[in-house]
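Asker: Each chain, written out:
There are 4 protein chains.
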Amino acid sequence: MADERDGQDEIEALREAQYPTRRANVPALEDILYTALPVLDRGFVRLIDYMGDDGAVVQAARVSYGKGTTQVSSDRGLIRYLMRHRHTTPFEMCEIKLHVKLPIFVARQWIRHRTANVNEYSGRYSILSREFYVPDEKGIDTRLAKLREDADQPDLLGDEWRQREAQHLAAQSRTNKQGRDDRLSPEEAAEAIRLIRAESRRAYTNYEKLLNEHAGEPIDPNAKGLARELARMVLPTNFYTEWYWKTDLHNLLHFLSLRADRHAQYEIRVYADVIADIVKRWVPLSYEAFADYVMGGARLSALELSVIKRLVAGEKITQKESGLSVREWRELMDRLGREE
Amino acid sequence: MADERDGQDEIEALREAQYPTRRANVPALEDILYTALPVLDRGFVRLIDYMGDDGAVVQAARVSYGKGTTQVSSDRGLIRYLMRHRHTTPFEMCEIKLHVKLPIFVARQWIRHRTANVNEYSGRYSILSREFYVPDEKGIDTRLAKLREDADQPDLLGDEWRQREAQHLAAQSRTNKQGRDDRLSPEEAAEAIRLIRAESRRAYTNYEKLLNEHAGEPIDPNAKGLARELARMVLPTNFYTEWYWKTDLHNLLHFLSLRADRHAQYEIRVYADVIADIVKRWVPLSYEAFADYVMGGARLSALELSVIKRLVAGEKITQKESGLSVREWRELMDRLGREE
Amino acid sequence: MADERDGQDEIEALREAQYPTRRANVPALEDILYTALPVLDRGFVRLIDYMGDDGAVVQAARVSYGKGTTQVSSDRGLIRYLMRHRHTTPFEMCEIKLHVKLPIFVARQWIRHRTANVNEYSGRYSILSREFYVPDEKGIDTRLAKLREDADQPDLLGDEWRQREAQHLAAQSRTNKQGRDDRLSPEEAAEAIRLIRAESRRAYTNYEKLLNEHAGEPIDPNAKGLARELARMVLPTNFYTEWYWKTDLHNLLHFLSLRADRHAQYEIRVYADVIADIVKRWVPLSYEAFADYVMGGARLSALELSVIKRLVAGEKITQKESGLSVREWRELMDRLGREE
Amino acid sequence: MADERDGQDEIEALREAQYPTRRANVPALEDILYTALPVLDRGFVRLIDYMGDDGAVVQAARVSYGKGTTQVSSDRGLIRYLMRHRHTTPFEMCEIKLHVKLPIFVARQWIRHRTANVNEYSGRYSILSREFYVPDEKGIDTRLAKLREDADQPDLLGDEWRQREAQHLAAQSRTNKQGRDDRLSPEEAAEAIRLIRAESRRAYTNYEKLLNEHAGEPIDPNAKGLARELARMVLPTNFYTEWYWKTDLHNLLHFLSLRADRHAQYEIRVYADVIADIVKRWVPLSYEAFADYVMGGARLSALELSVIKRLVAGEKITQKESGLSVREWRELMDRLGREE
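Chains as they are written, first to last, in the numbering used here: chain E, 21 to 360; chain U, 21 to 360; chain R, 21 to 360; chain L, 21 to 360.
Simulated from the structure, these hints should not be mistaken for laboratory data. Just so we're clear, the structure is a prediction, and the values are computed from it rather than from any experiment.
Heads up, the list lumps identical chains together, so a pair's fine if it works in one copy or across two of them.
As a list, the in silico DSBU-like pairs of lysine-lysine whose alpha-carbon atoms are at most 30 Å apart:
no.	residue 1	residue 2
1	K300	K329
2	K329	K340
3	K158	K300
4	K300	K340
All chains should be built: construct the whole structure from the sequences, respecting the hints.
Answerer: Now the structure itself:
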C-alpha cells in the first residue's frame, strides 16, 4: 500500500483537474470524489467514480430517447413505484466505484456479495503494511445486545452447541438481561484491547522475520526469506487490506439492506453507514424510497398478516391463539410497538 | 425438435432404468422424472435432474459433517428461520434441471432471470417445428383484470401515453368496472383466435417457402433456399421453442415469487404454477416456508407500518390523515381486508 | 418507442449541456455521446454513459492511491500483460451503457450474455412500432460461406439431421464450392425480400386488428381489443425492439470475441462491429491488446502445439501422422497459411 | 467444526445407505462419495453430491428428448468440438457440490470465483477449531521458481517496488539462477516452520483468552469474554475454515485452468489437483477435451502466430526481427521447445 503522503498529493492533483462532460453528473458527489472518508481506526471509503443518477433510473424505466420529464414529482413517484413493486432492473443502470481500506475479516464478509467487481491489494506480490484494527471500548460494547440475541437463535449448529452456548452466556450475563453485568468491565475491555494490539505487533514482526526484510532491507543479509505469498499467512485477520470495489445501485442497496442492518457485525456496519451517506448524495430519490420501503419497512408472513387483520378489526388475541411461535409473536408485537 | 413418438419411447426407456445411488434422493421426484407435464396448448415442463433436498438446505446451514439431525421438527424450524431472515445461501445448495417447451414470447420474459443455465433449441442450425400457441377463451379473459390494473399504473411512459391509455380503456370498458362489458364477446374472442391460428399457419408456410423446404424435401428442386438463421425471423413469437434450464432453489423461488404472482402474464404464470408443484414435491419444508413468508406474506413500508400501529391501537384514521397516497391507501386496505 | 423527431430534439439538448467533472473523462467518447450510430436498416447503437478509461484498468491493477504513472508506454505494457495472462478483473473496472435498437431475433442471441444489465421496451404495456428488419442482398449473400461451414459441423443433432442437411446443401450447391451457384439468384433474393416485407406489414396489420387500434384510435369504436401483452405475439422476430444495455469492459470484450467473430450471425456481427469502434475510442490500449491477443490470436490444443513443434523443427509431416482429425488438420493448416 | 470421530461415523452411515434413482448416475463418483480426500496437513475435499455426467453435456447440446446416441465415439467428438469452439453452455448443465476444509488465505483466493454457491463455517456464531496450516519443506521449496518468475513481472506496482524487488531477490539468489542457493537451507526452513507453528499456537491461546473459554468452560468464571465475532480476528490466515462449495462443470473447469496452473499458489494448486482427479472420474470425456484444449494448449497472439508461420516456412528469424518483446520471445521459444 502506497505511502499515505504521496497518496495525499495525488488525490489533490486528481481533485483539482476538471473536465467538461455531457454525461449525467452529480455535483454533490463531485464534491467528495477521491476524498478518503475515515472508517474504524485506520480504514476508509473513497469514491473513485460513478455512472448515472436518479434520472438514469427513470430513463431506463421509460426506455425512451431522452431524460424523461424533468419534473421531480413524477420521477419521485415512478422511483417509489419501482421500489415498492421490486422492479429492480432500472436501479442496475447506475454504477459506483469505491476504494476501500478494511480489515481482512470484514473483507471476508463483504466479498460474499458476488455481483460486484473487485481488485484487491495482493499479499502474494507485495509486502503488507503494518496496519491492523484494534477495537475501542465502543466497538467492544456494541456486541452485547447482539450476544443476547444470539442466545435466542434457533438451533443452527446442533443441540450440543446450543447447550454450551446457553451455559456460556449464563456465565456472562448472570442476573438480568438489561444489566450492566453484560458489559466487559473497563478493566477487562482495556486488557482485551492491550492484548489485541500487542499480539498484532508481534505478528507483524514475525511476518518480517519470515520475509527476512524490514523497511526494505534484509534483516540478515546472509539469510534468505520466505516467499511473500507464504509469509503473509501469519498475519491475523484484523490486518488491513484494500480494494477497488465496483457495483450497481441495485446490488449496492441490497448490500446496505444486509450490512447496515442491526444484525450485521459492527465493523462492517460502519462501512455500510458511510456508503449509505454517499448513496444519499448520489441518488436522493432512490435512497428515500429505499429507506422507506426496505430499511424502514417490514416483511410479514401470511400468518402475521392474518393476526394483524384480527387486531385491526379490534379482536383481542393472545400468542397461543395466534398460531405464531413465541419468538414470532414477540417479534411482531415489537414491530407493532406493543408491550406484551 | 425431435419427433414426439420417438421421444416418448426414449422417455420410457429412461424411466425404466434405475441405479443405486448414495446421494440425497427424493422418491416423490423420481416418480415424475422425465415425464412431460403439459402446459398451455402444446408446451410442457419435464423434470430432468435434481440435486439435494430439504436436508441439503439444513446441512449447508450447519456446515457440519453429516446430514444433521433427522428430526423433521427442528429442520422445519431452521428452514423457517432461514427464510424469515433472508439467509438465502443454504437454498442455493439445491439444484434442478428442467426441459421446457414454451412460446418464444414467454421465453423472452423467462430468460431475464440471469442466474440460470440455459441451452435452447437453435433456429440457426435446425428447422423449427410447425407448433405455435393459440390462446383459448380462458387465456383471453384472464387479462381483463390486468388491463384494468394497468390503467392505475403510474406514469411509466409519459403523459401522452397515459392519456391515450385512459381513452383506450374507456372505449373498452364503458360502464362499470366489474361489468361483463370488459370481456371480449364470444364472437370477438372466437375471431381473435381464428385470426391468430390462420396467420400462424401462414407464417410457417412462408418460412418453408424461404427455406425452399417442406417435409425434408426441396419445394422447388431447381431453386435455392434462404439460410435457416435468416428464414426463421418471419415466425411470430407465439411459436414454440424449447430449452434445458437449470437453476438453484433460491433463484427458483425468486422466479416463482415474480412469475407465479398475479401481476405476471398468464402464459408464464401457468409454467410457474407447474414448477411450484414440482418444488412442493422436492422440498416440502422449504416450499411451505416460502409460501408462508414470501408468496402469502406482505412487505410494508415504514409509513404503512406506522398506519397499522395506529389502527391496531384503535385509532380511526382516514387516507388523508395517513400520509399515504390514494393508491397506497387502497392497496393497504385491500391487504387488511377492509372495505374503504 | 418515442417519436423520432422528439427524440432528435432531446438528443440535441442532451448533447449541448456540459458539466465539469473530476471523473476519468474520454473526449473521443464525449464526441459521440447520445448520437445514434445506424446499424442494419432501422437499428442503432447509442452511447449513453461510460465509466473509466485505460487508466482505470491500470489503476485497478495497481490498487494504488492515484492514477499511476502517466507514461503511456508502461501502461501499455501492463495492459498487454494483463490481457496475455488473462488477469481479467482490472478490465471489469470500466463500465459502459448503450441504447440499442435491434430486431427481436438478434436480441434473443444478445441476451444470452448474462453479465449485463438490461431494460427493454415492454410490449406488455406499450404498443410496438411498425418497424421491422428486411435484409438487403448483401445480408442474404453473407450467409453462404456460413452455410457451407455448417455442412462441416459435427453431428450436433443426430444422424438423421446430418443426412438431411447434406442432401439439402447438395441441392443448393451443385457443383463447385466457390461457384456462383451458391448464391441465390438476384431474382430469388428479390423475391425473398419482397415476401419478408409484405408479410411483416401484414403481421402488423393483424396486430392492430387484434388490439382494435390504429394510430391511437379504435378501429371499431364498438368493439373491444385484445390485451397488448397477448396481441404482440403475432409479430415476427424481425420486428425491432430496443433496450438500455450496460456491461463492464471485460464482459464487453468477451461479447465482441464471440459476436464480432465470423461464426456469428451477420445481423449481430454488424452491431458488434459498431461497438468495437466505440471501444477503440474509449480504451485504445485495451482494445489494441484485445485485438492482438484475442481477436487476432489463436488457441492451440496440446496436439496442435506438438505438430507445430515438429514443423518448426523442419520435419515433414502428414495429416495421418499428425494424430489430428481431418477437420483439425485443415483448420490448423489454414491458420498457418499453408495449402495442403 | 464437528468432532472428527463423530463425523467419521456419520460418513459411514451415509455411505452405507443406497437408494434407487432414475437420474444420471456415475458409479466412479458413488465410490468416493462423502469420503474426505486429504489435502495439505489438515485439509480435505469431500464430494457431497453431483448432477449429470458426460451424457448430460451431450444432451444439452442436442436439446433433444433423450440421452442421444449411446455411441461413445460420437459423444466424444461432440464434446471435443464444444470445447474447441468455446460452446461453454452445455458444460454448465452438470453441477457438483464439495465440502472443503482449507486455510483462510486459500479460501480468500478461492472465493474470487464468483459463479459458485458457498456456505462457510461461521466464526461469528461458532468457536473456531485449533487447526492451522504449517508448510513442510516441500511447500517452502515449491515457491522458488515462482519467486524468480516474479522478478520478471512487468511493473505492476510502480518502479519503486520493482527496484526493491530486484534488490531483494538479488539478496536471495546471489549467483546463478538454477543454483541451490535459491533454496532456504534446511536450517532456515526448519526455523520458519518452527516459528509458524509456535506463533499459531500462541494465537489460538490468545483467542481463547479473549473468549474467556477453553474446552467449553470459562477460563475465569468471574470474568466475561469478548464476542466470538470479534475475538476471531486475532487468528492468522493459516487457520483452517471449511465450507460447502457448489458450482457447475464449466465454471469448475475455469477454476482448474487458473488454479491447477503453475502460476497458482502451491497451497491452492494442491486442492485443484485433487478436484481435477474427481472431475476425471466424473466426466472423463469432458476432462480429456479440457486437458487437451485448455490445460495442455496454448494461446497465441496475432504476432506470435505470424512468427510461427515464418518459422514453419523455414525462415531464420531473431527476436529483434520478430517484433516480439524479449519476454514474449522467450515465452514463445519455451513453448516451442527451442533453446535460444
